[in-house]
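Q: Listed below, chain by chain, are the residues.
Protein chains: 2
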Amino acid sequence: MSKTLVFGHQNPDTDTITSALVMADFLKAQGVEAEAVAFAEPSSETNYALEHFQIDAPRVVETVANETSRVALVDHNEPQQSAPDIQDVTITHVIDHHRVSGFETTDPLYMRVEPVGCTGTILNKMFKEQGFEVTKESAGLMLSAIISDTLLFKSPTNTPEDEAAAKELAKIAGVDLKDYGLNLLRAGTNLGEKSDDDILNADAKNFDMHGKNVRIGQVNVIGFDEIQQREAAILQLMNDQLSENGYDLFALIITDVLESDSYSLVVGEDLSAFESAFAKKVTDHKVDLPGVVSRKKQIVPPLTNAYE
Amino acid sequence: MSKTLVFGHQNPDTDTITSALVMADFLKAQGVEAEAVAFAEPSSETNYALEHFQIDAPRVVETVANETSRVALVDHNEPQQSAPDIQDVTITHVIDHHRVSGFETTDPLYMRVEPVGCTGTILNKMFKEQGFEVTKESAGLMLSAIISDTLLFKSPTNTPEDEAAAKELAKIAGVDLKDYGLNLLRAGTNLGEKSDDDILNADAKNFDMHGKNVRIGQVNVIGFDEIQQREAAILQLMNDQLSENGYDLFALIITDVLESDSYSLVVGEDLSAFESAFAKKVTDHKVDLPGVVSRKKQIVPPLTNAYE
Chain A
1 MSKTLVFGHQ NPDTDTITSA LVMADFLKAQ GVEAEAVAFA EPSSETNYAL
51 EHFQIDAPRV VETVANETSR VALVDHNEPQ QSAPDIQDVT ITHVIDHHRV
101 SGFETTDPLY MRVEPVGCTG TILNKMFKEQ GFEVTKESAG LMLSAIISDT
151 LLFKSPTNTP EDEAAAKELA KIAGVDLKDY GLNLLRAGTN LGEKSDDDIL
201 NADAKNFDMH GKNVRIGQVN VIGFDEIQQR EAAILQLMND QLSENGYDLF
251 ALIITDVLES DSYSLVVGED LSAFESAFAK KVTDHKVDLP GVVSRKKQIV
301 PPLTNAYE
Chain B
1 MSKTLVFGHQ NPDTDTITSA LVMADFLKAQ GVEAEAVAFA EPSSETNYAL
51 EHFQIDAPRV VETVANETSR VALVDHNEPQ QSAPDIQDVT ITHVIDHHRV
101 SGFETTDPLY MRVEPVGCTG TILNKMFKEQ GFEVTKESAG LMLSAIISDT
151 LLFKSPTNTP EDEAAAKELA KIAGVDLKDY GLNLLRAGTN LGEKSDDDIL
201 NADAKNFDMH GKNVRIGQVN VIGFDEIQQR EAAILQLMND QLSENGYDLF
251 ALIITDVLES DSYSLVVGED LSAFESAFAK KVTDHKVDLP GVVSRKKQIV
301 PPLTNAYE
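Residue numbers (this note's numbering), protein chains in the order written: chain A, 1 to 308; chain B, 1 to 308.
Hints may be right or wrong, so weigh each one.
Claimed, not checked - Which residues of chain A face chain B? A few of them, derived with a C-beta cut under 8 Å, are:
| # | residue |
| --- | --- |
| 1 | R99 |
| 2 | F103 |
| 3 | T105 |
| 4 | Y110 |
| 5 | K154 |
| 6 | L271 |
| 7 | E275 |
| 8 | A277 |
| 9 | T304 |
| 10 | N305 |
Just so you know, the hints here were simulated from the structure itself, not pulled from any lab data. Glycine residues also receive a C-beta, built at the ideal position from the N, C-alpha and C atoms.
This is chain A alone, in the form it adopts within the complex:
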């Protein structure tokens, strides 16, 4: 039997990278030969976590069927966010905390989806249920994922379960939760190092919304000044990529992680669904989204409904 490859979504964020590493360890503890891989290098935020706990980044791959027939998915289930050749392999496991959409298997599998803030929270529970040891390194990885996905518990996706898991994991990882958390989030907001394309696409995901091809990126910042100076160039790039890739809508959510506020840049032939989803007029391809921080909870559901 070939080695099980474990991976999260395209444009990996901290939860995707760390959950792939932790899930590979979980499978190994069950006697399954497994390796974490990723579809890109880690972001600066994820690198902060990996360096802090001295863990190697997952090997970067483009496709998976060329080296295995069995895969385990973490932090996603929608095929258009997954390996480009996901249809050619057997999915044996899914550990996720997103909506379920477009996901199909021929055989029964192990699938665990919970409406919590982070895949790491589910993985921590799975380790405890099985009585597997959580090492300092694994704890640090799961903790980093929870901080990243919940923006240190400020996101509406945060649940009491995420917060309890994070407190427990911070002790095992030997870090001060708040200090470590703020440093991790800050590490992801340095725009100076990022190209316009990085800002736009490093965390972008595609969604099929009632037949519409919608791409939504999100970038974390501290303060909106720096990004506003780059808006014109980013909007130009969004328009180029919209027509190149045939998206119906392309939105970039810009989120101030300390103030828990966002605004969005948005392009597309017809912006009325976006306007009706948020009951706001889009002016010059911009719209304020006060209090919004979660793409999953505050952007995708209203926009999906608006396309219905």
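Knowing the structure of chain A, use the given hints to seat chain B on it.
A: Structure of chain B alone, referenced to chain A:
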């Protein structure tokens, strides 16, 4: 918030009925107002279990959106096997052990699918993880589901986890596993009480196989003699229902539960997919399937692949 309705698939079998009852208890233990319902009266097998443990059958409903906005699914996830108005309600939970297909949500949910023989096995684990008490009645229900779905551990869908759960539950339920199990299985095989339509449809499910509309029924028997005398009438009914409902293929799997053997009646415009799935010639709409007992594991995957 309206009451959460909990239900399994159309044409309820023992796992669907008992898992709905047990999952409703699980939700109540979590403080959620919940009620088990079903899309038909229980089968004679299921009634044996309900009567043995003195438990009322779930209320029978045709639709769900008329009385609630929130539902929990057990023992199925495919929409064509679910409530006819499943698109109009929010699915908050899925506990299942089948392939995942056609299942879509707008929001994250609690979804637990495991490749074990029975939903009851997963529910038993969930009760233990949460530290909820398993009553004699709940134990009897979960045990009955495991016996029914695994044919007393003879089905290839059976796993060591199912068997371990059944042993544990038999003790709590206060029954002898083998005696109770054989009585339960026998209770489901009395063809004399069943109309041709019951035999054909009481446990039938629809599957979308790469765009083909495939219906597969299964009936448990002890010995093939009695059913063979009714074959001509059943085949006639299958042909009628095939054209009425526009199925591409309609198969009835007839399974001897004590011998662990089956044969199939099959109708449809083009039987070549069925023939290639099982590498057997269909003669007079009949084909032997020696050693086959599981629709889920031995019929659906090869047939789905044959349509690819």
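Q: Tell me, which hint numbers fail for this structure?
A: The structure breaks hints 5, 6, 7 and 8; every other hint is satisfied.
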